[in-house]
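All chains, full assembly: derive it from the sequences and hints.
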Amino acid sequence: MYKMELNSLCQRKSWDLPDYSFTRCGPDHAPSFTATISGVPFTTADDNTTLKEAENKCAKIALDHISRVSTSSNLYKNRLQDNVEKRNLPLPEYSIKHEGPPDAI
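Here the sequence shown is numbered in my numbering, starting from 1 and rising by one per residue.
Quick caveat, the hints were computed from the structure, so don't treat them as lab data. All values derive from a computational prediction rather than experimental measurement. Any given hint might turn out to be false.
Derived SDA-like pairs: lysine to any residue, alpha-carbon spacing no greater than 20 Å straight-line [unchecked claim]:
id: 1; residue 1: 3; residue 2: 64
id: 2; residue 1: 60; residue 2: 21
id: 3; residue 1: 3; residue 2: 15
id: 4; residue 1: 3; residue 2: 29
id: 5; residue 1: 57; residue 2: 34
id: 6; residue 1: 60; residue 2: 4
id: 7; residue 1: 3; residue 2: 24
id: 8; residue 1: 52; residue 2: 88
id: 9; residue 1: 57; residue 2: 19
id: 10; residue 1: 57; residue 2: 36
id: 11; residue 1: 13; residue 2: 99
id: 12; residue 1: 52; residue 2: 68
id: 13; residue 1: 77; residue 2: 91
id: 14; residue 1: 60; residue 2: 77
id: 15; residue 1: 13; residue 2: 1
id: 16; residue 1: 60; residue 2: 99
Derived CB-CB ranges, DEER-like [as the list claims (entries may be wrong)]:
id: 17; residue 1: 41; residue 2: 1; range: 14 to 24 Å
id: 18; residue 1: 86; residue 2: 53; range: 46 to 56 Å
id: 19; residue 1: 1; residue 2: 90; range: 39 to 49 Å
id: 20; residue 1: 88; residue 2: 2; range: 13 to 23 Å
id: 21; residue 1: 90; residue 2: 24; range: 48 to 58 Å
id: 22; residue 1: 23; residue 2: 67; range: 18 to 28 Å
id: 23; residue 1: 28; residue 2: 78; range: 22 to 32 Å
The beta-carbon is built from N, C-alpha and C at its ideal position, and this holds for glycine as well.
Take a look at the structure:
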């Protein structure tokens with residue numbers, strides 16, 4: 001399940017565990033849910049008939065989002081490193097500034 005995978009990733013990275021909240025819409029016989037994970041909305045494209053299904057789908061979307069952000073930032077760091085080495089310049093130093101709520105993913 002993607003929810004377990006997202007929780008494991010958060011533990012490995014020493015992040016807070018995700019906090020899920022849901023909005024239920026639709027009639028009782030055909031409900032749909034929208035999930036917010038740690039204050040960040042992740043909405044599935046299709047209707048979710050159960051809360052568990054909505055959690056799992058939104059956790060997958062969150063994992064995909066985290067993966068894309070991580071991959072693109074590493075790509076730019078590698079390109080910068082290559083250019084710096086070619087020009088015999090000092091290696092870059094990185095510092096991270098976190099913005100937004102402290103529990104955001």
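Hints, verified against the model:
1. 3 to 64: The given pair, whose Cα atoms are some 12 Å apart, holds under the 20 Å limit.
2. 60 to 21: With Cα atoms ~15 Å apart, residue 60 and residue 21 stay inside 20 Å; holds.
3. 3 to 15: holds (15 Å)
4. 3 to 29: violated (25 Å)
5. 57 to 34: holds (10 Å)
6. 60 to 4: The hint holds at about 10 Å.
7. 3 to 24: Given that 20 Å is the threshold and the Cα spacing comes to 19 Å, the pair holds.
8. 52 to 88: violated (54 Å)
9. 57 to 19: Within the cut-off at roughly 15 Å; holds.
10. 57 to 36: holds (12 Å)
11. 13 to 99: holds (17 Å)
12. 52 to 68: Measuring from Cα to Cα gives roughly 25 Å; hence the hint is violated.
13. 77 to 91: holds (11 Å)
14. 60 to 77: Not OK: residue 60 and residue 77 at ~26 Å, beyond 20 Å, violated.
15. 13 to 1: It holds: about 19 Å lies between the C-alpha atoms, which stays within 20 Å.
16. 60 to 99: Outside the cut-off at roughly 24 Å; violated.
17. 41 to 1: 14 to 24 Å: Cβ of residue 41 to Cβ of residue 1: about 20 Å, so the range 14 to 24 Å holds.
18. 86 to 53: 46 to 56 Å: holds (50 Å)
19. 1 to 90: 39 to 49 Å: holds (46 Å)
20. 88 to 2: 13 to 23 Å: violated (45 Å)
21. 90 to 24: 48 to 58 Å: holds (55 Å)
22. 23 to 67: 18 to 28 Å: holds (25 Å)
23. 28 to 78: 22 to 32 Å: violated (52 Å)
Violated hints, listed in ascending order, are 4, 8, 12, 14, 16, 20, 23; each of the other numbered hints is respected by the structure.
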